[in-house]
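The whole structure should be built from the sequences, with the hints applied where relevant.
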Amino acid sequence: MDQFLAFGVVGLSTAAIYAVIGSGLVLTYVTTGVFNFAHGAAGMLAAFAYWQLTAGWGWPVPVALAAVLLVLAPAFGLLVERVLLRPVQHLGEAERMVMMVALLSGLIAAARWIWDPNVARPLPAFFADRTPFRAGPVTVTWHQALTMAVAVAVAAGLWALLNRTRSGAAMRATVDDRALAGLTGADPVRANQVAWVLGTQLAAVGGILIAPAVALDAQQLSLLIVSAYTAAIFGRLRSLPLTFLGAVVVGCLESYLTGYLPQNPYLPGLRLAAPALLLFAALLLFPHRRLRGRDRRLARVPLPSRRGALVFAASVAAAGVVLATVLEGDDLVTFGPLFPLGMVALSYVPLTGYAGQISLCQLSMAGIGAVVWAHLGADGRPWALAVAVLVAAVAGALIALPALRLSGVYLALGTAAFAVVLDRWVFTLPSFDVLGVRIALFEQGSLEVSGPSLLGARLDGERETIVFSAVCLALASLGVAALRRGRFGRRLIALRDSEAAYATLGGRPLVARVAVFALGAGIAGLGGALYGMQLRTITADQFSLVAGLPVFLIAVIGGLGYVGNGLFSGTAFTGPNILLGPASWTQNLVAVLPALAGMGLGHSPDGLLARLRRDWEPVARDRIAMPVLALVLALAWLLRVADAVGGWALLAGVLAAALALREYAASRTRSAAEPEVPVEWWGVRRPWRAEDGEVLARGIAQG
Amino acid sequence: MSALLELRGVRAAHERITVLHGVDLSVRAGRVTALLGPNGAGKTTALRVAAGVHPVESGRLLLGGRDVTGARPRDLARAGVCLIPEGRGVFPNLSVRDNLLMMTFTGRSRAEVEEIAFARFPVLARRASQTAGTLSGGEQQMLALARGLATDPAVLLLDELSMGLAPLVVGRLYEQVAEVARQGAAVLVVEQFASAVLGIADEATVLVRGRIERRGRPDDGLRADLSALYLGSSP
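First to last, the sequence lines map onto chains P and E.
Counted the way my numbering counts, the first sequence spans residues 2 to 704.
Counted the way my numbering counts, the second sequence spans residues 833 to 1067.
In short, the hints are calculated from the structure, not lab data.
Hints may be right or wrong, so weigh each one.
[What the hints assert, rightly or not] Simulated DEER-style distance windows between Cβ atoms: (1) Gly684(P) with Arg942(E): 52 to 58 Å; (2) Glu947(E) with Asn164(P): 20 to 26 Å; (3) Pro887(E) with Pro125(P): 55 to 61 Å; (4) Arg942(E) with Asp616(P): 37 to 43 Å; (5) Arg910(E) with Gly59(P): 46 to 52 Å; (6) Asp899(E) with Pro679(P): 24 to 30 Å; (7) Arg690(P) with Arg1004(E): 26 to 32 Å; (8) Gln220(P) with Asn871(E): 52 to 58 Å; (9) Trp160(P) with Arg910(E): 25 to 31 Å; (10) Arg910(E) with Val139(P): 53 to 59 Å; (11) Arg1043(E) with Ser668(P): 36 to 42 Å; (12) Ala998(E) with Trp160(P): 36 to 42 Å; (13) Thr966(E) with Gly59(P): 53 to 59 Å.
Note that beta-carbon positions come from the ideal geometry of N, C-alpha and C, so glycine has one too.
Here it is in structure tokens:
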């Protein structure tokens, strides 16, 4: 009994921290409408800053606390509001969430850069020198007591702020209707700033209080957000008392699992994954609605032409051949993942681009594909690749089934929870038998992966695998383009635009959603198998949620509606590896880049591919520039293969030639184009164009 | 009496499409002006320009003779301009009481606002702690209009007050609007349901395709013109 109570105290003090962090989430959501994935990361940063000031520079505790809570945290909150959120304020809920995912990914990378993860940083508990006191049969440390007291104070303060003051009302009103809030004379910008300052301070309090109990590790602290989100979902992201109740459930569950879970090789991961499982369950059980209001922005999904898709696929395959022949030594390893990761990014195109389903577990699906291929494809049997795709697709359909009730950002949260369950538990399991079938995963370590054999030839070298992946990506891109042109693709877009309308027209949203999840997971699984072939050895870490976030961000930045996203994301993801040098800071820089790119979303919400296409289309259509460009590329390739020039000089030369040709083609089209005609004269002074109708319709719709 | 709120030669556009082609409009204190016209004439845009929500391409916006072109909606609101926008102009996730609290930024105290709102619309007092989004359409519109009554605005701008409401409710809401004008506010009303507003309007302006087509007293000639306009024959 005493033991039970003792675990209860530990659980309650953890719960208090989850409650503080979770109420920060609720505060940010009800006052700014932002689904703050980076809330835990902000707390993590605060904990590191606090460690730096106290243990690192020897500041006294009260001074360091004041510096972190009253100066650094508010400044960080204001910075996030100004730099990240204001540019995407006019976009939808999903775009704001992407910014937070970028911030989460960026903060983890930045913290690992600043504070070397291989150094242990113990942080002492508060009042560690005072003897714990006894409350009835249990012993309570002063740190635990302090934590619970802080949680109660935070609860009371927040409740009073939100429900009893005009600033609180103004903050909530700003989420409801920003424009109307301005009309009443309130200041929406100021309301958001106050909300961000308070939210970051709460995250900082939570981070500093929990850091002594767990290791000071960037990723682990950032993913406390899973527990905090579970608590917040109990409160449906709006009720503070229910959030506290949720925090108690999560905290005690973790504590009792630690105490009472039987010793068994399959179960330790379960304790780590428990908050994520509970989050998944809470998402499904608690009916939640979005805040009322129209907060969705539908991006365009361009229709690729048949010829364009074929040319694109051919150039992807050609790019593979060029890379395989031009790269040497370590570069083959560094740039090899281009096509496999591109494939994982391509899986977002039907799933998120067409059907509007946000999933944060695509790299985990890739992990499943990789594991299946590693075990079944060890001797290169090509059918094992099909099995890998199939198993990943089944896994995708399995997530889709429970997740059918979720949409938008809630779906993103649910899939993130699923990815965490895979990372922390499933991928760490030793092999086991189900109905006589042996199921092996990562064997609690790393797996060797070999290449496939095709037509009697074994594709085992890095060069062969690059070409093989490129051909696979080319075929998959063609398939996705065909999907977009076909019936199913149009249905998916209809589903995205309005699920209700889709159902009333006789479509079955359930079937379509399961199918597109399976399709996306299948493509990702193929990508994972290729990724494994390229890397030769794989570990579970390479397919974790945190590893998958940059892939998601790059794909979003590229533009999710574009078939070219595969090649773009692969290139954008591996391209910066050029910067990799012997110094460790170069690796850190490359790790931060995707997050930085993601934060630029506000500047091109429709994706970079739209812009690239606009800039390069004149070249592709030009009768002189295009053949010349092809010739330059072919010549450069021959020169390189013959080893006449170095790689760098060649790259610079080709880029210069391409840019010059673009200028040339652009100047030719510009001289051919007629001057700007006012809208009311379209169709009179110049011929009516096919796209004019849409331009007008969109202009009017925005009014 | 001079104009309290004035639009001078205002041009405004949605993206590249010009919606207002040099509109002159003035609203005098103590008068109700109706702004009428068919769909897409630019009525709502004119109101939004007057409240500072929509930017002008050229032209000027004057408040009490002062040039306030380009001022933020918040500053105009604090200077006494009150726009009740189209659709329910309430915060749906806030309680009725919190919605009323949001009306105190322009000077009146919370107690005064609640007293006026509850006196004019007793049903709101009974719903005080209910979430505004769960009120009926008429009750939401009363709550929205309460801002126009309780904040003592110098200029009251109303957009489609009647939308989706029963005629009986519309009549009662417009009685309140007339009362605001009698207390000295300049009132500009945009309304599709012309007969509802012509009963209380002192003057009427007809906007067609972004240009002022006609202005004058809301007499039979104007009514005839309007019906011709709405029914599609040439005005």
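Do the hints match the structure? See the list:
no. : hint                                  : in the structure
1   : Gly684(P) with Arg942(E): 52 to 58 Å  : holds (56 Å)
2   : Glu947(E) with Asn164(P): 20 to 26 Å  : holds (21 Å)
3   : Pro887(E) with Pro125(P): 55 to 61 Å  : holds (56 Å)
4   : Arg942(E) with Asp616(P): 37 to 43 Å  : violated (56 Å)
5   : Arg910(E) with Gly59(P): 46 to 52 Å   : holds (50 Å)
6   : Asp899(E) with Pro679(P): 24 to 30 Å  : holds (28 Å)
7   : Arg690(P) with Arg1004(E): 26 to 32 Å : violated (51 Å)
8   : Gln220(P) with Asn871(E): 52 to 58 Å  : holds (56 Å)
9   : Trp160(P) with Arg910(E): 25 to 31 Å  : holds (29 Å)
10  : Arg910(E) with Val139(P): 53 to 59 Å  : holds (56 Å)
11  : Arg1043(E) with Ser668(P): 36 to 42 Å : holds (41 Å)
12  : Ala998(E) with Trp160(P): 36 to 42 Å  : holds (39 Å)
13  : Thr966(E) with Gly59(P): 53 to 59 Å   : holds (57 Å)
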